[in-house]
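**Student:** Let the sequences and hints guide you as you build the complete structure.
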Amino acid sequence: MSFPLRSLAIRASDGPAFLAGLVIAVPVAATLIAGLVFGGGETWNHIRDTLLAGYFLGTVGMLVLTGLLILALAVPAAWLVTMYRFPGRGLFEWLLILPLAAPGYVLAYAYGDLMGVGGPIQAALRNATGWSARDYWFPDIHSLPGLAFVLALTLYPYVYLTARAAFISQSVCSLEAARSLGASAARRFWTVALPAARPVIAAGLALSLMEAAADYGAAEYLGVPTLTYGIVRAWTSFGEPATAARLALVLLTLVLGLVLFERWSRGRRGTAQSSRRWREVSRTALSPLRAAAATTLCTAIFTTAFGLPVARLIWRSLEAREAVAPVGQALVNTLILAGSGAALAFVLALVIALSQRADGPLPRFARLSASSGYAIPGAVLAMGALVVLGLLPFTLTGGVALMALAWVYASRFTAAGAEPMVAALGRAPASLGQAAGSLGASPLRRARDVDLPIALSGATAGALILFVESLKELPATLMLRPFNWDTLSVRAHAYATDERLAAAALPALLITLAGLAPVIYLSWRLSRARPGAPL
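Numbering of the sequence shown is given in our numbering, commencing with residue 1 and proceeding in unit increments.
Since the hints were made in silico from the structure, they are not lab data. From a predicted model like this one, the values you see are computed outputs, not experimental measurements. Some clues are possibly wrong.
Simulated restraints on C-beta separations [what the hints assert, rightly or not]:
id: 1; residue 1: V400; residue 2: L36; range: 44 to 54 Å
id: 2; residue 1: H142; residue 2: F261; range: 28 to 38 Å
id: 3; residue 1: G15; residue 2: I121; range: 55 to 65 Å
id: 4; residue 1: V37; residue 2: G90; range: 53 to 63 Å
Even glycine gets a Cβ: it sits at the ideal position worked out from N, Cα and C.
**Tutor:** Spelled out as structure tokens, the structure:
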């Protein structure tokens, strides 16, 4: 009888992990059911026949262009700061991560103001040449390439971080062997370093493209039809949740392809290394001309992706401070909502992290649900929450809507909080758990007295990431927020949509500044991390 009782205890101990996974998975499952069962109708037929192709092609085109730009920005920068010495290298090592603090829609507002006909760039061009606006061609930021440009600037750090980690961790022996055979620096990069790092870079690229697919604010402001734009519009403009659910199915299919690509790239191995022994990279000093070129390139990337748009937001906020509407209440609402969502996500992340000691189907389901939720756009999860709330026997009041938003935030971002805790548990010696078991500690007591303190050591980074991700989320907030209950992201979006860019500058700037703290913390940890050690 002891074996069945022991198995039952193990299943009972996995119950919290199963419930956590269920909380995360329900919005996605509800969207799938609603799209398959209730997604038809005249509105859907109209969108399918007239708009769906444009939404799909706009999304795919945006992903392709964004991916190419991300690779062009991130991989050379990561290679330079990892392998070479040049002026400012140590500074650029962490400055190049800062664009993660600014969501895509914030950069879209800033560049829309900078590059517009009335913006400072075109005004300076006309003043210098005496031309009128019709006498010259200028790139249109309100276009598919403009959207890809903006999203690449804010998302390239995902690939920069993974590429840098891959370059640091690879065997130096292979590079030294190639150098001894007379291979040039360019050839060593293309034939040795890049093939070895390709799977890791591909995984970072897949993650950044998932975030690009989830974008709504930048696409809507720049006038590019994408699937996420269509989902939010079907709900907010047409009042058709069933149609939005069917559009969400199309987006889910596309995102699933990115998830499978990420899993495939993670499973692949790079080229074989000549040695398993790791040695610290010996950075090569560049010649004065090449050092100047490397410094110029890194400066240009940072200035374009962060310095210039943030400086423009600060200038606009100071220039038109009398015309800026008050954002105090929006700031309070944002802190309440982001704090609630981050708190729920933190609890779920902690439960999932603590369950990873047991290699059973329920813990695996919980972690798979968290990973899937992070890959699903906020608009899709909001759609699923609306479907579930529509089945419940009460009215969608303001309090219920706020709880639903916190639920969606938790479903979307729990994985970001769980990973640092799982990494902390992975660092702990297995002998700790074995000692607790030999002393007769129950699974619950072991989780409380041994695993919980270890997991909490990795909780700081996870909590900060959860809060900032909740702070930046826009499409889910637009779909579920109570009437007249604005957050900073909603207020910035409303001002920018009305072409009140001076008013949009302050809330957009506050969102970016709030994101700087965890990004700087991450940069600080990265600068002290060793290859193979978790952050």
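**Student:** Please test the hint of 28 to 38 Å on the beta carbon pair from H142 and F261.
**Tutor:** holds, 30 Å
**Student:** Using the beta carbons of V400 and L36, state whether their distance is inside 44 to 54 Å or not.
**Tutor:** The hinted range 44 to 54 Å is violated for V400 and L36, with Cβ atoms some 26 Å apart.
**Student:** Quick check on a hinted range of 53 to 63 Å for V37 and G90, using CB atoms only.
**Tutor:** holds, 57 Å
**Student:** Look at the Cβ atoms of G15 and I121 and judge whether their distance stays inside 55 to 65 Å.
**Tutor:** holds, 59 Å
Going through the hint list in order, the structure does not satisfy hint 1, though it satisfies all others.
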